[in-house]
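Novice: Turn these sequences into a full structure, and let the hints guide you.
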Amino acid sequence: MSCRYTFGGDEHLFVEVDEAMSLEAFFVSLAITNAVREARIIGVTEICPANASFQIKFDPDLIHPDRLLGTIKEMEAGTGMAESKLDTRIIEIPVLYQDPWTTETLMRFRERHQDPNSTDIEFAARINGYDSVESFIRAHSGAPWFVSMVGFVSGLPFLFQMVDRKRQIEVPKYLRPRTDTPKLTVGYGGCFSCIYSVRGAGGYQMFGITPMPIYDPEQKVSYLRDFMVFFRPGDIVKWKPIGREEYDAAVAEVEAGGFEPRIRDVTFDLAAFNADIDGTNAQLMEALNAN
Amino acid sequence: MPIEVISSGILTTIQDLGRPGYYHLGIPIGGAMDRMALRSANLLVGNPEGAAGLEAVFMGPELEFTEAATVAVCGADLPPKVNGDIRPVWSAFPVEPGDVLSFDFLRSGARAYIAVSGGIATPPALGSRSTYAIGALGGIEGRAVQSGDSLPLGPGKATGRAGKEIPEALRRSPGSPTELRMLSGLYWHRITEDSQQAFFQDTWKVANEADRMGYRFQGGRATEFVQREQPFGAGSDPSNITDACYPYGSVQVPSGTEPIILHRDAVSGGGYFMIGTIISADMDFIGQLQPNTPTRFVHVTMDDALKARAERNTNLAAVREALA
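Line by line, the protein sequences are chains A and B. Start counting the first sequence at 1; every next residue gets the next number (our numbering). Start counting the second sequence at 1; every next residue gets the next number (our numbering).
Derived by calculation from the structure, the hints in this document are not laboratory data. This structure is a prediction, so every number in the text was calculated from the model and none was measured. A hint or two may mislead.
Stated by the list, open to error - Here are the simulated DSBU-like pairs of lysine-lysine, each with C-alpha atoms no more than 35 Å apart in a straight line: (1) A:K183 with A:K220; (2) B:K205 with A:K183; (3) A:K240 with A:K220; (4) B:K307 with A:K73; (5) A:K238 with A:K85; (6) B:K81 with B:K205.
What the hints assert, rightly or not - If you want the footprint, here are the derived chain B segments under chain A, 3+ residues with CB under 8 Å: (7) 109 to 120; (8) 221 to 235; (9) 245 to 252; (10) 271 to 278; (11) 294 to 306.
A virtual CB, placed ideally from N, CA and C, is assigned to each residue, including glycine.
Specialist: Now the structure itself:
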């Protein structure tokens, strides 16, 4: 894996670790961006890791683009796969699949979809070879997910499922983006799941909704008082399918200020994961469900 | 003592020089689209260059002052009026308690920046008063200005600089025909050589979808892609990439048809390929383009971009000196 370097105008260095998505590419991106952050290079103003790439914003009045390029290339050579171990956390996110709000929204935008005669989740289940929506939901919520990027808008997480490639779910985006997506929609595009942090435009398929706020500019939600954005790259997520009653109860709890997501600290080791994917995931589940 | 908003115009937002540092979480820098215009207006009224002012799109608001202040309007040629009497743009003028500031019709440009001595003193969010409506941050409760709002002012000298003006030669505005300089790169290799040439040869027009997030362009030829098997995770359309970061000013071409330049309220990333980035020296100009403005893209090198940036910095230094 050798990085491709290209400038985004005179203020950004864009680095593609790999054209294709993989946890290996994400870990290279994470390792280099961590090294850049720690190096505190004068003139570097923003460091943005992404799924299989990253971007560095800089002030060319303070550092010449060529000098920055040379510095980052040296860092690429120096990091290797040193940081394939990550101290992180696993979070359980409740999801009401096939909820009334995303269903109403997807029906409104049917003419922008590949298959106007089925719902987004029926379409995704069929093209990924599942015999029913129920078995598709079991796959989507069975194995955990890795937050490989935070962005688009306001703390939206991109999630990559922690299974081997042949078990990865892949779906296209809408033919033309919707102008509306309910807040907290659990979406899917390419090989990524996401949670829409705010209401707005979107092109990902819509599978359900979570009652758990992940962005709160007013910082009133109990677990967002310290910072308004919940997710950071490297978080691990486990979807928990819930019914309507449980959803309504969770929403009421959020409003009353009593909702606390289930979060446990874990260590993730990419090499151990690759050696035994299901075993590693089972250990993560054990950690999540421990008291 | 606040400013009372009688009417808000089409879209008037509180903006300063933005909130850097949160792009990695999808919160863009935001702030004035035409930064030189906001800086100029603030310098005219004796404010720090990054004080919060109003960004008014196409049409001005109507504001009643409850205390004496100095006001300046820079950027678009949107002539201000005090109690109905025209005042010059790019100049500082006084207002008294009870005076009403309104605006004549737009003559050129798209966004006027209104600075008031003391600066608008709404509560900052993540270090900035800039309105980022998508994320409900900054401004007034995270939104644009509405009629009935009261805009608090910070402490400032009321008449410090009335009568000063920005010399005409230092007022930056997009040329006619409009040319935007672009450094090619990012996923430039994804389109054919013919399409690369066509992009710079064609005359584009600003589309109606042109806002703080991005400016869309129409009228040029569609791009043709270099054939490839789509990489895993990217999605099936040839314009799709594995979701990545978007530079400010980057030019994406979803489905290869209509280029979009991301601006101050950019989405921080996504799955569309980009062919290059508008250079920093030309970003201010984009905020002054009206729909249907004919626009050409001009291919430049990094050296050209740095030279243009230095010229812009020299221009700013000259503005500071002229008002010192």
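Novice: May I ask which of the numbered hints given earlier this structure violates, with the numbers listed in increasing order?
Specialist: Of the numbered hints, just 7 does not hold.
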